[in-house]
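The numbering of the sequence shown is this note's numbering, which starts it at 417 and goes up by one.
Incorrect hints may have been included.
Cut-off 30 Å, straight-line C-alpha distance, at most; resulting in silico cross-link-like pairs (DSBU-like, lysine-lysine) [to be verified]:
#1 K461 with K487
#2 K512 with K455
#3 K446 with K461
The hints are simulated quantities; they were obtained by calculation from the structure and are not laboratory data.
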Amino acid sequence: DFHLNRVNLEESSGVENSPAGARPKRKNKKSYDLTPADKFWQKHKGSPFPEVAESVQQELESYRAQEDEVKRLKSIMGLEGEDEGAISMLSDNTAKLTSAVSSLPELLEKKRLIDLHTNVATAVLEHIK
417 DFHLNRVNLE
427 ESSGVENSPA
437 GARPKRKNKK
447 SYDLTPADKF
457 WQKHKGSPFP
467 EVAESVQQEL
477 ESYRAQEDEV
487 KRLKSIMGLE
497 GEDEGAISML
507 SDNTAKLTSA
517 VSSLPELLEK
527 KRLIDLHTNV
537 ATAVLEHIK
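I would like the entire structure built from these sequences, with the hints used as guidance.
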């Protein structure tokens, strides 16, 4: 259901075994607002579904690469040693980590939007089937 840039979806909880006569589980309802600030929505709102699905996958891969870089920097920060090279590397990695931490809110927002569009695309695909 799409009304005034709000998408309302029913999430299926999957097939579950329930005793005979048991009441089936209710589906969870979720609402998503597609705002003008959502760059993905602005770029793909009139695009064919296969193109949107591919773009969602690309965004997810980009997010995962950024997340892996933050994790890599975190593990490097455990560097030991007092030699010149280690100190230089530590200084460089500290700058990279500072940059990664400062971009963390942006990264979290990107993840939220990727989840939103993945859920919407999945619901559309289920409806098409």
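Given the hint that K446 pairs with K461, does the C-alpha gap stay at or below 30 Å? Holds, because 20 Å separates the two Cα atoms, which is no more than 30 Å.
Restraint check for K512 with K455, where alpha carbons must lie at most 30 Å apart: holds, 26 Å
Restraint status (C-alpha distance of K461 to K487 at most 30 Å): violated, 33 Å
The structure does not agree with numbered hint 1 stated previously, though it agrees with all others.
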